[in-house]
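Colleague: Chains L and Y, in that order, give the protein sequences. Counted from 1, the first sequence has number 80 at position 80 by this note's numbering; the numbering is strictly sequential. Counted from 1, the second sequence has number 1205 at position 205 by this note's numbering; the numbering is strictly sequential.
A hint or two may mislead.
[Said to hold, decoys possible] Simulated crosslink set (DSBU-like; lysine-lysine; CA at most 30 Å straight-line):
#, chain 1, residue 1, chain 2, residue 2
1, L, Lys312, Y, Lys1207
2, Y, Lys1111, Y, Lys1282
3, Y, Lys1282, Y, Lys1177
4, Y, Lys1282, L, Lys277
[As the list claims (entries may be wrong)] Derived Cβ-Cβ restraints for the label pairs, each shown as a range:
#, chain 1, residue 1, chain 2, residue 2, range
5, L, Leu211, Y, Ala1235, 51 to 61 Å
6, Y, Pro1145, L, Leu90, 29 to 39 Å
7, Y, Phe1065, L, Phe166, 58 to 68 Å
8, Y, Leu1123, L, Val97, 17 to 27 Å
9, Y, Ala1187, L, Gly76, 35 to 45 Å
10, Y, Ala1020, L, Val97, 42 to 52 Å
[What the hints assert, rightly or not] Chain Y regions said to be covered by chain L (calculated; three or more residues, Cβ under 8 Å):
#, segment
11, 1029-1038
12, 1103-1114
13, 1126-1139
14, 1231-1237
Because the hints were derived from the structure by calculation, they are not lab data. Ideal Cβ placement from N, Cα and C applies to all residues, glycine included.
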Amino acid sequence: MRTAAAPPAHQTTEAAPRVGASPRRFTRNLRGHTVAWLFLTPALLLFLVFKFIPMIRGIEMSFHDVRPYLGDRWVGVDNYVRVLTDEAFLSAINHTVVLAVGQTVGSIALGFVLALLLEGTVGHLWFIRTAVFLPAIVTMAVITEVWRILYYPSPDGVVNGIIGWFGAGPSQFLNSPDTSLMSVMAVGIWRGAPYDMMIIIAGLAGVDRTLYEAADVDGATTRQRLWHVTLPALRPVFAILLTLAAIRGLRVFTEIFILTNGGPNGSTEVLMTLVYKLGLERNELGVAAAGSVVLLVATVVLTVAVQVWRAKGARR
Amino acid sequence: MNRGYTRADSALGFSALPGAAGRLVRVAVYTLIVFVFAGPLVAVIVGSVSRVPDPSGLSLIPTDFTLENFAAAIERDVLLYLLNSFIVVGGGLALQILVSVSAAYALARKKFPGMRLVLLLILSTMMLPEEILAIPLSLVLSDVPVVHVNLIGSLVGMIVPVGAWGFSILVMAEFMKEIPMELEEAARIDGAGDLRIFWSIVLPLCKPALGVIAIFGFTMIWDQYMLPLLVAQDASQFTLPLALRTLRHDEQVGTGALLAAALLAMLPSVLMFLAMQRQFVKGLTAGGVKG
Chain L
1 MRTAAAPPAH QTTEAAPRVG ASPRRFTRNL RGHTVAWLFL TPALLLFLVF
51 KFIPMIRGIE MSFHDVRPYL GDRWVGVDNY VRVLTDEAFL SAINHTVVLA
101 VGQTVGSIAL GFVLALLLEG TVGHLWFIRT AVFLPAIVTM AVITEVWRIL
151 YYPSPDGVVN GIIGWFGAGP SQFLNSPDTS LMSVMAVGIW RGAPYDMMII
201 IAGLAGVDRT LYEAADVDGA TTRQRLWHVT LPALRPVFAI LLTLAAIRGL
251 RVFTEIFILT NGGPNGSTEV LMTLVYKLGL ERNELGVAAA GSVVLLVATV
301 VLTVAVQVWR AKGARR
Chain Y
1001 MNRGYTRADS ALGFSALPGA AGRLVRVAVY TLIVFVFAGP LVAVIVGSVS
1051 RVPDPSGLSL IPTDFTLENF AAAIERDVLL YLLNSFIVVG GGLALQILVS
1101 VSAAYALARK KFPGMRLVLL LILSTMMLPE EILAIPLSLV LSDVPVVHVN
1151 LIGSLVGMIV PVGAWGFSIL VMAEFMKEIP MELEEAARID GAGDLRIFWS
1201 IVLPLCKPAL GVIAIFGFTM IWDQYMLPLL VAQDASQFTL PLALRTLRHD
1251 EQVGTGALLA AALLAMLPSV LMFLAMQRQF VKGLTAGGVK G
């Protein structure tokens, strides 16, 4: 089927458009554009219906007292005032930020340590890395149910047994307002660190080996080597991890919902669990929507900030 | 020993610690790490086939082998939940892959006005997870615009919203850009249309990337919690992760039923991961670059 000679239409080059060729190119472009939009249609349609329309309706609802069957009533910024002054919301915002920061920093720090210990090409390291990565791959619902059992608050609970060897405990963990938020955070770090480890190991593999040799020749200590060679080389990797954290950090829901559902005594209530309760259990849709919009704005601001920081670093 | 493997091969030089003492330290550290991270999940496997009458009981050592936990779990409809999960992940993944490759083809192989805007829109969807949209999304699901269908209480409501995923589209587009244009032009000269070029030239060359988006799509859909929570109206529509909460205590086998169900809920993603680890690691870094 292959024809040896190219058809004349193909001789039109971008550099020297000949007279009479441009209308043909115009129709060809037009056809190309139509094809492109056709191929994009399913994705754009799904995004429109399940992402952008809900987003717009959420913003709209946040300015209304939403009353099914009675019609919505415009209330201006009342819902936002409530979100930003109400005791329950303020403490939820506080918990969300503490949790997001703690889990991000904790996961990256622990992930970095794990990466340093498990970097290498030897076969058994690959096996250990795979085992360590399992928490990141298993569905959150399983992780949290397992930790509920591990955290069992009696002295014969598993974690209590282990800290008992060191003379600590027994702790109430999820059952006491004093320890509940930290306990939830620990689960998040436990699940997040292996993920960060994998990304950091990929970054470590790209560090120029001759730099290490040079550092050794210069008599640098391990700490100097980490500080002056490894960490600077990992900057793009940390930018990736922070980008992911900015997007994921604030919307925490599932683990709280399963582990404590905001309790005890509201000590682990985060923005999303509160929004869920208000919106779907108490039908205060307007206030719930305002809470979500606040979360969305915070996410966008954070993401843009990380991107700006990243772009600055790339230019340097 | 350690042929060619020196301190300069890794940042810390930990895996090249010399001598017997070094080896001992290494083994101790590795054991501790594996115990902390894999231990709890191994305990699920062990617990699912052991008698666990005590609600605090989780152990790495099997005691009293039994299959009763699974029997109890099955009695409580775990197979139905598992089936629901498979339907959702099967349908969702098929749709997601189709939508992704099609959109990626347009983004990677075509030039058209508005492309930058489309890219920006796709990137912005990554800041709009189900959690943040939960309240209005549940309203949209109960009355889908234009077609006015109610998807609440139907598995379709858990499948269609995950059909378009920015991550998959961008990973796929990134990969498709690498396929040389000459291949496509040659086919065009032979008279092939876009559909044929897409289907029989571009797509077959994308197999590695298809692996990446398949494994990530699978874990993403399997891990969905908010969406099934919004859509399910009663237990008959629960996916397995959603149903775990209802299985915490069983009259006959205590936490055994939960552990058996948990094993079933973690096994598919673990097996997928073990089978496609290479693609997964590739996607990890690709995903990060795209946010």
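Colleague: For Leu211(L) and Ala1235(Y), compare the CB-CB distance with the range 51 to 61 Å and indicate the outcome.
Modeller: For Ala1235(Y) against Leu211(L), whose Cβ atoms are near 58 Å apart, the range 51 to 61 Å holds.
Colleague: Lys1282(Y) and Lys277(L): Cα distance at most 30 Å?
Modeller: violated, 39 Å
Colleague: Taking 8 Å as the Cβ threshold, is the statement that the segment 1126-1139 of chain Y is covered by chain L upheld or broken by the three-residue rule?
Modeller: holds (count 13)
Colleague: Lys312(L) and Lys1207(Y): Cα distance at most 30 Å?
Modeller: violated, 36 Å
Colleague: Quick check: do three or more residues in the segment 1231-1237 of chain Y have a beta carbon closer than 8 Å to a beta carbon of chain L?
Modeller: violated (count 0)
Colleague: Between Phe1065(Y) and Phe166(L), does the beta-carbon spacing fit 58 to 68 Å?
Modeller: At roughly 33 Å between Cβ atoms, Phe166(L) and Phe1065(Y) fall outside 58 to 68 Å, so the hint is violated.
Colleague: Take a look at whether the Cβ-Cβ distance between Leu1123(Y) and Val97(L) falls inside 17 to 27 Å.
Modeller: The hinted range 17 to 27 Å holds for Leu1123(Y) and Val97(L), with Cβ atoms some 24 Å apart.
Colleague: State whether the coverage of the segment 1029-1038 of chain Y by chain L holds or is violated, taking the criterion as 3 or more residues with Cβ-Cβ distances under 8 Å.
Modeller: Held - the segment 1029-1038 of chain Y has 7 residues with a Cβ nearer than 8 Å to chain L, which meets the minimum of three.
Colleague: Is the hinted range of 29 to 39 Å satisfied by the C-beta distance from Pro1145(Y) to Leu90(L)?
Modeller: holds, 35 Å
Colleague: With a cut-off of 8 Å between beta carbons, are at least three residues of the segment 1103-1114 of chain Y near chain L?
Modeller: Since 8 is at least three, the answer is holds.
Colleague: Is Lys1282(Y) close enough to Lys1177(Y), meaning Cα to Cα at most 30 Å?
Modeller: holds, 17 Å
Colleague: Honestly, do Ala1020(Y) and Val97(L) meet the 42 to 52 Å range at C-beta?
Modeller: Roughly 48 Å apart at Cβ, these two residues keep to the hinted range, so it holds.
Checked against the numbered hints above, the structure violates hints 1, 4, 7, 9, 14; every other hint is satisfied.
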